[in-house]
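Engineer: Please arrange chain B on chain A, whose structure you already have, making use of the hints.
Order-wise, the sequence lines are chains A and B.
Start counting the first sequence at 1; every next residue gets the next number (our numbering).
Start counting the second sequence at 1001; every next residue gets the next number (our numbering).
You may find that some hints are simply not true.
[Said to hold, decoys possible] The calculated SDA-like cross-link candidates involving lysine to any residue, where the alpha carbons are at most 25 Å apart (straight line), are:
no., chain 1, residue 1, chain 2, residue 2
1, B, Lys1438, A, Gln275
2, B, Lys1297, A, Ile312
3, B, Lys1381, B, Pro1361
4, A, Lys327, B, Lys1737
5, B, Lys1447, A, Glu305
6, A, Lys310, B, His1483
7, B, Lys1278, A, Asn277
Please keep in mind that the hints were generated in silico from the structure rather than gathered at the bench.
Source: prediction; values computed, not measured.
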Amino acid sequence: MSKESMKMMKTPDKQLTFVINLNKCLGCQTCTVACKRLWTSNEGQDYMYWRHVETAPGLGYPKNRRAKGGGYKNGKLQLSKLPEKESYGIPFEFDFAGRLMEGKKERVRPKPTADWAPNWDEEQGKGQYPNTYYFYLPLMCNHCTKPACLEACPVDAIYKRKEDGIVLIDQQKCVGAQECIRACPYAKIYFNQAVTKSNKCIGCYPRIEKGVSPACVAQCPGRAMHVGFREDKNSGVYKLVNEWKVALPLMSEAGTGPNVFYIPQVLGPSLEDAQGNLTNQSRIPIAYQQELFGKNAARALKTLESEREKRINGKPSALMDMLIGYKCSDMQQISGKK
Amino acid sequence: MGTFNRRDFIKTVGVATAGLVFKDLLSLNVLEAVQDPMKQYDYKGWEDFYRNQWTWDKKTRGTHGASCTGSCPHYVYSKNGVVIREEQSGDMPLFPNIPENNPRGCQKGECAVDYIYAPHRIKYPLIRTGKRGEGKWRRASWDEALGMIADKVVDTIKDHAPDCISVYTPAAPAGTVAFCAGHRFAHFIGAHTHTFYDWYSDHPIGHTQTLGVQSDSCECADWYNARYIIQWGANTNQTRIPDAHFINEAALNGTKIVSIAPDYNTSSIKADLWIHPKPGTDAKLALGMAHIIINEKLYDEAYLKEQTDMPFLIRSDNKQFLRESDMVEGGSDSKFYSWSRKTNNAVLMKGCWGEEPPVKPPIEPPFLGRNTLTFPKDYLKLGDLDPALEGSFSVKTKDGKVVTVRPVFDVYKEKIMKDYTPEKVSKTTGVSVQVLTKVARGYATAKPAMIITGGGTNHWFYSDVIMRSLLFLAALSGNTGKHGGGVNHYVGQWKPVHLPGVAALSFPKGNAKHRFGQTTIWSYVHGEINDGMKNTALDVRKYLKESLETNQMPLYPKGGKDPKVFIVYRGNYLNQAKGISDILKNLWPKLDLIVTLNFRMDSQALFSDIVLPSTHWFEKTELNSTMEHTFIHMIEPATKPLWESKSDWKIFQMLSKKVEEAAAKKGFTKFNDEQFGWERDLSTLHAQMTDNGKLIEDSAAAQFILDKAPQTKGITLDLIKEKGPQRFKANWTAPIKEGIPYTPFMNYVVDKKPWPTLTGRQQFYIDHKWFMDLGVELPLHKEPLDVDKYPLWFNTLHGRYGMHSTWKDNALMLRLHRGGPIAYLSPDEAKKRGLKDNDWIEIFNAHGKVVCRVKIFAGEQNGRISMPFTPELYTDLIEGSSQSPLPIRITPTHLVGNYGHLRFRPNYYGPGGHQRDARVEVKKYTGPTV
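So here's chain A without its partners, still in its complex pose:
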């Protein structure tokens, strides 16, 4: 990290941390919509989803997101090309009033013609029937410990908050250079053409400051998310990430130290043989989850399996209790609880 950007890179007192349990994610996009209606319904923001859910395996949003590049290689900042505007999907516009109120003949069609959108390949997955596989993968800004965006910003508009580790783009200081977009390996920074500035997930800091969980967590009907500060050793996020080691970072090889962690998909049927009999083989290749969440995914899956087995046999499991999350307040531990 350059000397200049180190100035912006204060070590936070606490790090806001998210854990997303893929076993409980419904793929319903409630988080996507909750976030959109709260933060990104203004001009220039139609195409951006600070939080979205995609199908894995899949092309992602923007298209071919995983091949984008960015982050660090051998400690050196990498800048990718800017994703094409089309790869995000041009937001469809619809002329409801024309057809329904003004008597225009044309049906209400998406414009431009629909051939790509943020969730275009929903559930298409991989494999051949009946042994196909897919699961849902929510994505958001990782509020990284070593944010590549921060280092890439030529005008020091990006900073990491001392009080909670949230990474923000100062909307006054941003000049729209888009270097942050090139630097982010997760493709979670968006250029707002209406104001020529970069926008991204703000970790719902106005809510955090009031002790209210971020919208994507508080509004998740699947109850799939945990939020808290990792410095709090009693928090679910600390226990899941540091003690149980079942919550793993996505694309940690990009070297940014993400603070959103994923509990890999352990639920799901096994493979069938040609006669339709069940085998003991995992339907989702373990190697695929390792590709996403690193080598430790195998160990995490084993832990999850053996802890669930305890509950199947009527024995207690503190891990399963934590994942069930009987009370929302057990899953959402930010200062000054709701």
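Structural biologist: Just chain B now, with coordinates in the frame of chain A:
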């Protein structure tokens, strides 16, 4: 919606700004110095920009009155008079040791605010100027629009009959006051209303046949109590989003999860076992499981003897139950026998239909076959009686004839043992013997075990047989009526727990003085539906004729007249109609006047003559509840009704005033309604509607409903406003217990009172002639209909991005999938037809055609095509809609209305016109796409 955003709205209507926008950021420079006490960074003042975005000046209770079973309590946030967003209120009360019911919601419910300011929001009364469906309107005053309707209403009564007018609205629990509004209006003028639960093919008619109840299910929190869950033709992760977490949490708690569905769906991906039978073979699969359970003696014999008709005796000579009237002079034809193993003779079973309870019950709830609650507790207990489940016995009838009799179980078991061996079942269903055995043993040995079923099984022509087979599994394993057990289904928004309050407001003179139409029959007859069944062995016309002539089922108008006036509100009748091409061709022209009340221009409104603007859900006072949980909550107005909109409750009041005026003008203020001996008075209609001014406000009507139902008595609007959702105090077939999720049927299983059926038991044998005609006196697998000679099943499913048609016109929802209606096809079937992903395709059969885009889905089974049902007709469909290739096909047994607990009551028993057996072909569409 569309190009709309809130800023546009603000510009358009000129209200104060709802919040800062990016362009205002410069003005924040001044804030910087004064608002940064932390001095951490020299520019942190800008952060107020987003802090300001998360502010509001008004927070009100709200929820979504779509025909949705979620019933999710929300707060609605407004600023400067503009409704800005909604968020779950998160205050659903907790059950100990069960995961929280919070935060109930879904992606659709978090953008319902969009409809308030949508470009196709109906703002003013509109009168059609073009052809029906063209979308050409002129703005009218309320006075003019209501005056036209009132004139037509009075003329129709005068020149034809009041039952030539009908009022349609679905789903009472979703918007209870509004639901009552049109019903009350119809009640006072003598028009008929419509059923909806059956018409949408959602009513699980096998539940009524077996259990004598309209239907009843556990609240979803009870799912967590199950140790084994089979999602059978149900996809909760997609269609029951607010409650799906209970299943995934149960899985983490060690409950085994099975998903039975032809496609690898959103719920299958999290199941321990995914079983993918060939479509329509569910009953075969269920009885294959029964075979293994019986063979391995894994069934609960005591439960079968006490709780079911399995020990009841059937005569071998005529396949009828052995009745008291067979044995004793003057005996009842509704009392039945079992065979006592101890005394070796036929003995009468207690609690049958022919037995009156010691105290006559005060009310007969319309959702039960009969009210058995005044029977003493433990009435079904067998005591010393040990009825035989197996064997063949002889009895001498009153005529001296010696007849062979066998218990139902003996007869049923013989068939199951013969025709449902694992090998035979495997061959029919495509499910391997290994998998079949695994699920049978797993289900029978886990206690409690639950089946959750849905539209996947419920929409077949023989859906009742499938449901009865599932209920048989639950009976074999002793699971019905137990926490975490039973067969539960959540299709359709059908259950106002507080029904007495709804009925009191809707039918002030009582249900007996109200005309309840049966919508499937009404649509089938007046739409002159071509069902393709003529000259088949299942020609329903014969049965329908007899059913109508003997008053088993109703048809309005009476006397062969045509319907004339059709008033639809809170519903999208046309868009959802099976046989839609015949409906448009034949029914629509019969209607002199079609009126629709709505806040958005849906397809029903588009094809109407007059459209009246009703309020958005957030602009009125309303009650909301569901069967998915046992709490009632409310909406309070976040804003006054926008533009010229008014609540449904107010609109029908205004209409009643105009009918008064029209009646006076035409000198037709009073008429005698012979059917009810009711001298109707149109000159005081408004006073009748408002109970002399007492019920003018929506809030007064809402409180009236709460007060009139024992389930909600003592709950007030103020209490809900202050404290949040309130639990019902009673329920339909089991008590409400503090801290415990509701499980139905405990009145019968735990208290052991007779079931509300003919036999007083869970009744699997139905000895009605029409059931025998179809070979379904017992639930035995029936092959799906083989009427449409096309290769692919046409599966219309509940998609993720809409609640029926609602939200299918929401830009954000459309942006989050493919911008328009799609159908899913397997890669093999696509390849065979030269189709690529996103191609335009024609899905067609002899009934109709829909042209939409295809999505290649590797999780789809070969041999079918699946389309999320009922997109709006005007969305990106080149032709038709999902309902175009689907005729209304009436199952004859659903027309029975003369057999114990099988009789017509609205939404309790009647045909659904099930559509799932339709088959189609698919080809590439090559016509113009613009």
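Engineer: So, for every hint listed, does it hold in this structure?
Structural biologist: Against the structure, the hints:
no. : hint                  : result
1   : B:Lys1438 x A:Gln275  : holds (15 Å)
2   : B:Lys1297 x A:Ile312  : holds (24 Å)
3   : B:Lys1381 x B:Pro1361 : holds (21 Å)
4   : A:Lys327 x B:Lys1737  : holds (21 Å)
5   : B:Lys1447 x A:Glu305  : holds (22 Å)
6   : A:Lys310 x B:His1483  : holds (23 Å)
7   : B:Lys1278 x A:Asn277  : holds (16 Å)
Violated hints: none; the structure is consistent with every hint.
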